[in-house]
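Quick mapping for you: the protein sequence lines, in order, are chains A and B. Just so you know, this note's numbering puts 91 at position 6 of the first sequence, and the rest follows in order with no gaps. Just so you know, this note's numbering puts 195 at position 193 of the second sequence, and the rest follows in order with no gaps.
Think of the hints as simulated: they come from the structure by calculation, not from any bench. Remember, it's a predicted structure, so these values are computed and weren't measured experimentally. Where a beta carbon is used, it is the ideal one built from N, C-alpha and C, also for glycine. Warning: the hint list may mix true and false statements.
Simulated coverage check for chain A against chain B, where a stretch passes if three residues somewhere in it have a Cβ under 8 Å from a Cβ of chain B [claimed, not checked]:
| hint | region |
| --- | --- |
| 1 | 112 to 124 |
| 2 | 139 to 151 |
| 3 | 326 to 333 |
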Amino acid sequence: MNPPNWLRAIGRISLWVWAVLGLLFLFAPIFVTVVYSFNEPNGKYNYVWNKFSLAGWSDPFKYPELTDALIFSLKIAVTVTIIATILGTLIGLAMVKYKFRAKGFIGAILILPLTMPEVVLGFSLLTLFVAVNWSRGFVTIIIAQVMFSVSYVATTVRARIRGFDWRLEEASLDLGASPFRTFYKVTLPLIAPGVVAAAMLTFALSLDDFIITYLNSGLENTFPIQIWNMKRSKIPVQINVFSTALLVISIALALLLVVVNNRRSRKLAGLAA
Amino acid sequence: MTAAAAPSRFRRPRRDRGGDDTGVSARRWFTPWLLIAPGGLWLLIFFIIPLFSLGRLSLENGGLSNYSTVISDNSTVIIRTFVYATVSTIAAIIIGYPLAYVIATKGGKYKNLLLALVVLPFFVTYLVRTLSWKILLFDGGPVVSILHSLGILGENQGILGSPFAVVAALTYNFLPFMVLPIYVSLEKLDRRLLDAAADLYSSPARAFRKITLPLSLPGLFAGTLLTFIPAAGDFVNSELLGSERTVMIGNIIEKNFGKEFFRPELSALSFMLMAIILIGVIIYARLLGTEEIA
Chain A
86 MNPPNWLRAI GRISLWVWAV LGLLFLFAPI FVTVVYSFNE PNGKYNYVWN
136 KFSLAGWSDP FKYPELTDAL IFSLKIAVTV TIIATILGTL IGLAMVKYKF
186 RAKGFIGAIL ILPLTMPEVV LGFSLLTLFV AVNWSRGFVT IIIAQVMFSV
236 SYVATTVRAR IRGFDWRLEE ASLDLGASPF RTFYKVTLPL IAPGVVAAAM
286 LTFALSLDDF IITYLNSGLE NTFPIQIWNM KRSKIPVQIN VFSTALLVIS
336 IALALLLVVV NNRRSRKLAG LAA
Chain B
3 MTAAAAPSRF RRPRRDRGGD DTGVSARRWF TPWLLIAPGG LWLLIFFIIP
53 LFSLGRLSLE NGGLSNYSTV ISDNSTVIIR TFVYATVSTI AAIIIGYPLA
103 YVIATKGGKY KNLLLALVVL PFFVTYLVRT LSWKILLFDG GPVVSILHSL
153 GILGENQGIL GSPFAVVAAL TYNFLPFMVL PIYVSLEKLD RRLLDAAADL
203 YSSPARAFRK ITLPLSLPGL FAGTLLTFIP AAGDFVNSEL LGSERTVMIG
253 NIIEKNFGKE FFRPELSALS FMLMAIILIG VIIYARLLGT EEIA
């Protein structure tokens, strides 16, 4: 009834090979992004490998429009992360801690933006801005990005803080702490890992987003929009330099978060012992 | 006490509050709404209302005929869009399911590292990732050279501009969205069920078909939506890697969204894209029988 051992071994090996190929598929473009930051392209487009050079890294700010766009993107990302993390965390808390009618409805509203193509979300928001004659720029980009980020934050926070022991808050209140002090000293430390994870996700989503932002940006250029606008004139190596730098910083931050979380849970385990 | 019905946990000791217990309990039922209000209003004003505004605009200067015009003018593009999205979603399942399966069941202590590798692409912005695909598929680049030496591509043939290039990049860009939900559902799977199946003389293949696959359907469902929906609405991959032969619905919206004159028709086009996807999602949910998700 069971297949012979040699056949099962082949099956197992080919499964592994297939999975490794899948990982390579995911990894290849990232590898290319990094490697091509050391290219010295022959012409204006950094598409074909010419020769190794540190020119891009020694002059990263050669194209002020690209640098400005990156700074603008970072400003947007910080603003969006702050607003969306607060709004989304409040919703996540409400969904986990309270029972109320219409919870299912609110949950559905939160999922809905994730089931729509970005081009529809972006274009419908644009029709609203056009209808009320609102010129596009920094504010409309913030509005658009917070709109889709709130759902991600609420969902992430909700998943991470489910099943917590909220009696800790009651204990704090019973011992005479003010609600504000209770939130600051008890609730916040409890939900912090979930909130930090959601904030990092929002920051990444903000830097990553192109379609919704592009449709509602007016004349302002984020980093991706600037690349989009340059695509017919030049694709300089500095795009790869900035992307590689961001990649390295993100990996470092993610590792830091893992270390901090490990230390925290070890400390908590120590307290419990 | 009426407090039992209102489950607010923020309860101050009565002695601090003096006599306004009624005030406290009156405040309780809307505490969750106070928390939801800011984000909820944001979604109402900038997500729900725009959808109505889009729907209204799609009926301007011609009513429902806008839709028939848009459909007959763009039938090839519409069909192409859904074919590309379907093919790239199927490709993402073929690549993503085994990958998620290996990580979830055989990852061991490397599980988190492997997962980190799956989300690594998100640390490089979408547009740059897609440009790196352009480098990979460029004439004279690694992929084209390999295909030339294998004789799959003719001497002067390239890949850029072809449907293959667009579908490959769509598959790549949304693959992590396929792997992660499948991983989550496989990770939750109770391994003892598989042991029980083996004890009852089920072959591994049969155990997979009867236990693993059905229990991973919610993840597969979520992954399919998260891959298909962005792929169907995309214009970046087609613009950067394709040609006039690969124009998708998103490209038509992208080319014309700045032009006042086209807005009713573009609204009809986006509304239709949304409607087709929603109907597809409902049918798909029914087929898979995952009603709690739909």
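Quick rundown of the hints versus the structure:
no.	hint	verdict
1	112 to 124	holds (count 7)
2	139 to 151	violated (count 0)
3	326 to 333	holds (count 3)
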